[in-house]
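Work out the full structure: start from the sequences and follow the hints.
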Amino acid sequence: MKGTDRWKIFAGLFVFLALAALPFWYGGWDRPAPVLDLDTPAIRQLPERRCVEATAFMRANHMTLLADWRDASTRDGRRIYVARDGREIEASLSQTCLRCHTDKTRFCDRCHDDAGVSPTCWDCHVVPEDRRESATVTHRQRGEGGDVSPFPVDVAAREKESRGPGPR
Amino acid sequence: MHSSRRDFLKLTGIALIGAAVPDALLPAGLAPAWAGAPGFRPDVRALKAARWGMVIDLAKCRPDCTDCIAACHAAHNVPAFGNPKDEIAWIRRETFGRIFPAQVHRHLEPRRQAGPVIALCNHCANPPCVRVCPTGATFRRPDGIVMMDYHRCIGCRFCIAACPYGARGMNYRDPRPFIRRIDPGFPTRTRGVVEKCNFCVERLAVGKPPACVAACPYGALTFGDLEAPDSAVRRAIAGRTVLRRKPELGTEPQVYYTL
Chain A
1 MKGTDRWKIF AGLFVFLALA ALPFWYGGWD RPAPVLDLDT PAIRQLPERR CVEATAFMRA
61 NHMTLLADWR DASTRDGRRI YVARDGREIE ASLSQTCLRC HTDKTRFCDR CHDDAGVSPT
121 CWDCHVVPED RRESATVTHR QRGEGGDVSP FPVDVAAREK ESRGPGPR
Chain B
1001 MHSSRRDFLK LTGIALIGAA VPDALLPAGL APAWAGAPGF RPDVRALKAA RWGMVIDLAK
1061 CRPDCTDCIA ACHAAHNVPA FGNPKDEIAW IRRETFGRIF PAQVHRHLEP RRQAGPVIAL
1121 CNHCANPPCV RVCPTGATFR RPDGIVMMDY HRCIGCRFCI AACPYGARGM NYRDPRPFIR
1181 RIDPGFPTRT RGVVEKCNFC VERLAVGKPP ACVAACPYGA LTFGDLEAPD SAVRRAIAGR
1241 TVLRRKPELG TEPQVYYTL
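First to last, the protein sequences are chains A and B.
By our numbering, the letter at position 151 of the first sequence is numbered 151, and the numbering carries on one by one without gaps.
Our numbering runs 1000 ahead of the 1-based position in the second sequence.
These aren't lab readings, by the way, just hints derived from the structure by calculation.
Think of the CB as a built atom: it goes at the ideal place given N, C-alpha and C, for glycine as much as any other residue.
Don't take every hint at face value.
[As the list claims (entries may be wrong)] Just so you have them, the derived chain A footprint on chain B, three or more residues with Cβ under 8 Å: (1) 1063 to 1069; (2) 1149 to 1159; (3) 1179 to 1185.
[Stated by the list, open to error] Some chain A residues near chain B, calculated using beta-carbon distances under 8 Å: (4) ALA72; (5) SER94; (6) HIS125; (7) VAL126.
Okay, structure coming up:
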């Protein structure tokens, strides 16, 4: 191989790598992580600031957890999730998650926008701003479903008396 | 490190055997983070049955009443597109002549023929919609409810073609603008999915009867376990003349009409 050819190859490689790394140049190397708003009234009232599972687990695995919730509640009719610490929580995106994380734009969307993902959950599941827009009826106002506990008043505490022996 | 083809094949075999070992058999240290810990259980408030069914007493149903329809469609965010071609109804009011055409004859009183009949998904014991669904989105629960998992619906509409009762409707457009008031207690649907009556699984799961049954002011709708001899539905059909829609098709509808 002649010396001049080698120069051309390396120049071409350099240009290719620079172009392939364009997203990094474009977005910056050390962009700050998105800041999530955890200061909602519901979260402020929590006795212990703990999500369904530990924060690190939720950050990494919430999508898997939600998919498991979806399959268990829809396909198997098992709607109560027993967390690692034993709390029993209604497996529901809109009834459980959104009770605390009331503002989707300041919580869910911050990371999803940053990561460039667009989950289709909200096409069907009703988010709080949709409630404000067009919905005035809530279960509580209609006098039914008022006994459905908002997370984190866990279902276990309510059902302790009524639960018989046997497997969960 | 030099590795021969033989070593590579050995390693592949060992890895395959390892992958076949269920997570539960692994020692705690080796188990993946997800295995073992959390779980699911049904709500203890849930109503249970061997086979859910409904009895509609046509003698009690009034022609001027649509309470069951209003209650159902409000509870499930059913859109009203305002166009018969796109109509979606989980429960609808039809006439006797349209629902039971085989019972119509020349001497049937017109009043009877035009009388109201409430029509909804029959939750067939042998549901053709379940058989044709290519994704398993429509499935039959062990308690007999034919349910839709909207997450899996691809909008192919085979089920609409298969259903002999017209119990299903397709969202050809985004339904949200056509829902009068969105009830946050139940999801809406999205464009491109089929929907139908679910016998109120979400209400049964927390110990409540279906919305239509609870809303009927005349007690024309009865809901219960068809396998339990002393259940409300069995008492409602005992000794009565019972009609079912198109029983000759062999779908075994589980909605019974008493005259």
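How the hints compare with the structure:
1. 1063 to 1069: With 0 residues closer than 8 Å to chain A, the region 1063 to 1069 of chain B misses the three-residue bar; violated.
2. 1149 to 1159: holds (count 3)
3. 1179 to 1185: holds (count 6)
4. ALA72: This interface hint holds because 4 Å falls under the 8 Å limit.
5. SER94: Holds: closest Cβ of chain B sits about 6 Å from SER94 of chain A, inside 8 Å.
6. HIS125: holds (5 Å)
7. VAL126: Holds: closest Cβ of chain B sits about 4 Å from VAL126 of chain A, inside 8 Å.
Comparing the model with each numbered hint stated earlier shows that hint 1 is the single one that does not hold.
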